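Participant: Listed below, chain by chain, are the residues.
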Amino acid sequence: MNVPEAPSTETVRRGRVWFVAIAVVGLLAAAAWYYAIGPAADLRAAAAALERNDPAAARPYLDRRLSYWPSDQRALFLAARAARRTDHYADAERYIVRYEDAYGSTEDSRLEWALLGIQQGDTTGDANRVPNRIDSKHPDFPLVLEAGAKGARAEFLFAYAAKLADQLLKLVPDSGPAHVLQGQLLDLLNRPEQADADFVAAAKLLPHDVTTQLVFAGHLSRAGLTREAIAHFEWVLEVRPGDPDALLGLARALTDNADNAGAVAKLDELLAKDSGNADALTERGRIALRLNRLTEAEEYLVRATKAAPWHREATRLLLLAQTVLNQTDGAARTAARVEELRAEDSMEGRLKLRAVNGPSDIAVRWELWQWAVRNGREDEGLAWLYEIVQAAPKNRQAREALAAYFDRVGQPRRAAAQRAAIGGS
Amino acid sequence: MTAPPRRFVRFGIAVVVLLVVAGGLALALYRPTHPLPDMPPLPPEPPEASSEDVHRMCSACHAYPPPDTFPRADWRKEVAQAFNFFHQDLHYRFAHPPLESVVRYYEARAPESLPFVPPTGPTTPPVRFDKKAFLAPNELASKSPGVANVALGHLFHKDKTDVIVCDSLNKQVLVFKPYETEPEWMPLVKGLTCVHAEVVDLDGDGIPDVILACIGDFYANDHRVGSVVWLKGAADGSFTPITLIDGLGRVADVRAANFMGSGKLDLVVAEFGWHVSGSILLLENQTTDWSHPKFVSHVLDDRHGTTHVPVADMNGDGKPDFVACISQEHETVVAFINEGGGKFKKETVFTAPQPTYGSNGVVLADVNNNGKIDVVYTNGDSLDSPFLLRPEHGITWLENKGTYPFTPHRLADCYGAVSPVVADFDCNGLPDIAFVTFLPGDLFPQRAELKLDAVVLLSQTSPGKFVRHALETVSCDHLTCAAGDWSGSGRPDLVIGNYVKGGRPGPIVKMWKNLGKP
Numbered sequence: 001m002n003v004p005e006a007p008s009t010e011t012v013r014r015g016r017v018w019f020v021a022i023a024v025v026g027l028l029a030a031a032a033w034y035y036a037i038g039p040a041a042d043l044r045a046a047a048a049a050l051e052r053n054d055p056a057a058a059r060p061y062l063d064r065r066l067s068y069w070p071s072d073q074r075a076l077f078l079a080a081r082a083a084r085r086t087d088h089y090a091d092a093e094r095y096i097v098r099y100e101d102a103y104g105s106t107e108d109s110r111l112e113w114a115l116l117g118i119q120q121g122d123t124t125g126d127a128n129r130v131p132n133r134i135d136s137k138h139p140d141f142p143l144v145l146e147a148g149a150k151g152a153r154a155e156f157l158f159a160y161a162a163k164l165a166d167q168l169l170k171l172v173p174d175s176g177p178a179h180v181l182q183g184q185l186l187d188l189l190n191r192p193e194q195a196d197a198d199f200v201a202a203a204k205l206l207p208h209d210v211t212t213q214l215v216f217a218g219h220l221s222r223a224g225l226t227r228e229a230i231a232h233f234e235w236v237l238e239v240r241p242g243d244p245d246a247l248l249g250l251a252r253a254l255t256d257n258a259d260n261a262g263a264v265a266k267l268d269e270l271l272a273k274d275s276g277n278a279d280a281l282t283e284r285g286r287i288a289l290r291l292n293r294l295t296e297a298e299e300y301l302v303r304a305t306k307a308a309p310w311h312r313e314a315t316r317l318l319l320l321a322q323t324v325l326n327q328t329d330g331a332a333r334t335a336a337r338v339e340e341l342r343a344e345d346s347m348e349g350r351l352k353l354r355a356v357n358g359p360s361d362i363a364v365r366w367e368l369w370q371w372a373v374r375n376g377r378e379d380e381g382l383a384w385l386y387e388i389v390q391a392a393p394k395n396r397q398a399r400e401a402l403a404a405y406f407d408r409v410g411q412p413r414r415a416a417a418q419r420a421a422i423g424g425s
Numbered sequence: 001m002t003a004p005p006r007r008f009v010r011f012g013i014a015v016v017v018l019l020v021v022a023g024g025l026a027l028a029l030y031r032p033t034h035p036l037p038d039m040p041p042l043p044p045e046p047p048e049a050s051s052e053d054v055h056r057m058c059s060a061c062h063a064y065p066p067p068d069t070f071p072r073a074d075w076r077k078e079v080a081q082a083f084n085f086f087h088q089d090l091h092y093r094f095a096h097p098p099l100e101s102v103v104r105y106y107e108a109r110a111p112e113s114l115p116f117v118p119p120t121g122p123t124t125p126p127v128r129f130d131k132k133a134f135l136a137p138n139e140l141a142s143k144s145p146g147v148a149n150v151a152l153g154h155l156f157h158k159d160k161t162d163v164i165v166c167d168s169l170n171k172q173v174l175v176f177k178p179y180e181t182e183p184e185w186m187p188l189v190k191g192l193t194c195v196h197a198e199v200v201d202l203d204g205d206g207i208p209d210v211i212l213a214c215i216g217d218f219y220a221n222d223h224r225v226g227s228v229v230w231l232k233g234a235a236d237g238s239f240t241p242i243t244l245i246d247g248l249g250r251v252a253d254v255r256a257a258n259f260m261g262s263g264k265l266d267l268v269v270a271e272f273g274w275h276v277s278g279s280i281l282l283l284e285n286q287t288t289d290w291s292h293p294k295f296v297s298h299v300l301d302d303r304h305g306t307t308h309v310p311v312a313d314m315n316g317d318g319k320p321d322f323v324a325c326i327s328q329e330h331e332t333v334v335a336f337i338n339e340g341g342g343k344f345k346k347e348t349v350f351t352a353p354q355p356t357y358g359s360n361g362v363v364l365a366d367v368n369n370n371g372k373i374d375v376v377y378t379n380g381d382s383l384d385s386p387f388l389l390r391p392e393h394g395i396t397w398l399e400n401k402g403t404y405p406f407t408p409h410r411l412a413d414c415y416g417a418v419s420p421v422v423a424d425f426d427c428n429g430l431p432d433i434a435f436v437t438f439l440p441g442d443l444f445p446q447r448a449e450l451k452l453d454a455v456v457l458l459s460q461t462s463p464g465k466f467v468r469h470a471l472e473t474v475s476c477d478h479l480t481c482a483a484g485d486w487s488g489s490g491r492p493d494l495v496i497g498n499y500v501k502g503g504r505p506g507p508i509v510k511m512w513k514n515l516g517k518p
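Line order of the protein sequences matches chains W and P.
When you line the first sequence up against the numbering used here, it's residues 1 to 425, in that order.
When you line the second sequence up against the numbering used here, it's residues 1 to 518, in that order.
Simulated from the structure, these hints should not be mistaken for laboratory data.
From a predicted model like this one, the values you see are computed outputs, not experimental measurements.
Some hints here could point you the wrong way.
[What the hints assert, rightly or not] Quick list of simulated restraints, FRET-style, between CB atoms: (1) P:Lys190 - W:Lys170: 33 to 43 Å; (2) P:Asn258 - W:Gln194: 41 to 51 Å; (3) W:Gly424 - P:Tyr92: 54 to 64 Å; (4) P:Val9 - W:Ser8: 51 to 61 Å; (5) W:Lys170 - P:Gln286: 56 to 66 Å.
Glycine residues also receive a C-beta, built at the ideal position from the N, C-alpha and C atoms.
Can you build the whole structure from these sequences, using the hints too?
Facilitator: This is the structure in C-alpha cells:
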C-alpha cells in the first residue's frame, strides 16, 4: 500500500498564494462586472429598448442600473422617460426630481417634465410647453406626438388624439406603443374593425411586453376570439400572477366560453386579494344570476354597490335579483337608487351640453368635475379641471383640486406646481 | 527571451478559466427579467352549437338572425356583440353555449358575400323638377353641411311655406323663405344638435312656434344629452328657445297633439338613446302659465331605438294616435292607440324578420285612397358597422286593412333608403312616394361606380301599382327630404337635405320645384 507523500510546507504556501491571488482577481472581476461592465450594459440595453420603442423592456435595466448607481444622470433621465412612456407617472416624476436634485434643470429634464405634463392633459403653465427647438425634424418629435396623443386622450379629445397617433405612426411605423395607443383610440371612436390592425401590429412588435399583451387579450375578447383571448390572458397571468385586469378579463372570456366555473374561480382569486373590487363583484353577481342562484347573486351585488355606490351595472343587476327574489323593500330601495343614478346621468348630459355651448363657462366645468368625483370617474374629471385652469389660470378651486389629486397619486411636484400657480407654496 | 515560469502560466490559465466561468454565470444570472413562458395552448375548440341552442339564446333578446344576413367573415363580430347584450340582459337565465360554437354555427351557414341589388337604371320619370341647390348662409357656407331634417311649415305667412332645416353637424336650425325674390336664410337657434323640427302653435297664442327634437350628440352613445326645445315664436318674427325637458337619452323625434284631451298640445317623444338609454315618452302638458311651461313625463314604452313617432288618428275615433318606428334590435313598427287618460294600446303594425333590418323611417298617409291611414316604412340604416350594402334595405308599404298587423307590400329594394314622403307628384290622383338614400361616401365609396340611387320616386300608376324612377344617383348624402308646395305652383315640390360629414363645403339643401309632367 502506497501512502501519499505529505505536501511540503512550500507547496502549501504556494497553494495558498495561488488561491488568494485567484480569489482577488475573481473578486475584482466580479466587482468590475457588477459596478461597471454590467451597469454599463444595462444602460446600453435600456437605451436600445427605448430606441426601439419598447419602454417597458427598458425599465428593469434602468431599475438595476440605478440600484448600483443611484445618481447616474443618464439612467435617471432614461428612467423618467421609460416610466412616462409606460404611463407610470408618479415614477416618472420621482426620477425627474431625483435628476434635477442631482444635476439641476437641464434641457433634457425640462423636456421630460413638459412631456409628462402634456401626456397627463396638463398644458397649462410655461413648464408644460415643448421647447421650440423640438420641431418636426427633431429626433424627439415622435415623443412629442406620442405624449400629445395621450394627453388629448386624457382630455377626451379622441378624434384629435387619433390624428396625432396617426401622424406618429407615419413617422415611426414600427412603434408598438403607438399602435397600442391608436388601437385604443379607434376603439373609443367606435371603430373596432380599424383598431384590429393596430392591436395585432402592437402584439407582434412587443411580444414580451405584458401590458401590450394584456391590451391585446382584451381586444381579442371583444372581437369574439375567445379562445385566443383566454390563452393570452393566461400567459399574462403566468408572467404577472394575480394581475387584477388579467383575472377580470380572463373571467369574462371564460364566461363567453360557457365556462362559468372557471370564471368564478378567477373572480374568487381576484376577490381574495381585493374583496372590494366592484367590477369583480358585479361579474360574480352576474354569473350567479345567469345560473339562477339569486341569493348568491344578491349578496355579491350588494357588496358591489357598497364598494362602488355609483356602479350602474351592479345596481341594475341588484334590482333584478331583488325583484325576482321578491325582496320588496330591498327592491324598492334599489329602484330608488337606480332613479338617482339615472338623474345623475341626466345631470351629466345637461352639464356636458352646457359645457359644449359655453366654452368659457367655468362654473359648469367645476360642476362636471364634482360630478365625476361623485360617480367614480375622477380621471375623466381632470379634463374639466384643466379646461378651467386654461380659461382661468388663477382659479383657486380648480388648482387646489388638481393639487390634491396629484398629491393622492404620488406626484407632489406637480401638486406643488398647481399650488404655485395660485401663489401657494 | 526566456519562457515565463510555469507557475505564472498556470496562474494565467486559472484566471482565464475563472473569468470565463464567472462571466458565463454572470450572463446567466445577471438578467433583469426571467425568461418569459411560451404562450399556452388554446382551449379546445367546442363543437358547433345546435340550432336549438342558437335559437334559444338569440330569441331571449330579439328575433333569430338568419345566417344569410351577414357575410361569413362578419359573423364573429356580430356574435361577440350579441353575447355582450346577452350578458347584460339577465331576464332570461339559462346556460348558454360557448361563443365559439355559435360562431361556428353561423360561419358554417353564412354566404361569402351578400347578394347585389341593382339600382333603378334609366327611366323616364313622370314629372320634371327644376333643381336648385342652396349654400348655407355666412360662415356655414364654408363648412360641410350636416342636415338631419328638413321640414315645411308656415312660420311667417299662413299662405307661404317656409323650409326649416336642422343642421346637426353645425348645430344650427335655420329657416329658408323660398317665396322671397332673393331667398335668404335666417338662423332660428344656434348651439343645438337637432334632428327634427315641427311647426306648431304650442301655447295657442296664434303665433307659430317650432318644436325641436335635440339629439345632443349625433353619434351613437348612451349619454343623456337629448332634450326637447320649444322655439317660442313672437309677433316680430323672432324665436326664443325654451327647454321643455332635458337630461334624456338622444332624442330623435317629437310631435305635438292633444293626446290627453285637455285641449292643450301634449308631446310624444322618441328618445332613441342607444343601447341602454331610450324610451318613448308622453310629455303631458300641464302648463297654466306659459312663462313657466310645465310638461310631465310618462314612459309609454321602455324600448330604446325609436326613430319616428308621427301622429294620426289611426282608428278614426277622433283621438290622436301615433305610430312608432322602433329600430335597433327590436325592428318593429307599433301603433299606439289612444284610449284616453294618457293610456295607449300598443298594436304591432309590422315586425321585421331579423334584428339588423335597419328600420329608419315611417310616414303615415292614405296611400291607396281607401280612407284608412297606412304606413310607409323604410329600412336603410347604413351606419352600423360592418358597413355593407345590405340587400334587405328598401321601402315597404304597410297597408291598413283594418286589422293588425298591417299587410306589407315591398315597393323597392334600395340601399340606404330613408325618409319616405307621400304626395301626388305626378298629379294623377294617386299618392306617390319619394325617398332619399344615405350611404356616406367615406363608408360606401362604391356608390359612384355602381351608380346607386340617391333620390327615388315611386310613381303610383294604378291603385297599389308603383313604378320606380331614380331622380338622382351617386350623391347618396341625404338623410331627409320633405314634400310640399313651397313654390306655390299647386303641385308638391321636394326639399332634400345634404349631410356630408368631413366632406367639402357644398349646398345645404336642394330645392326641387315640380314642373309637372314632361
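Participant: Which constraints among the numbered hints does this structure fail? Numbers only, ascending.
Facilitator: 4
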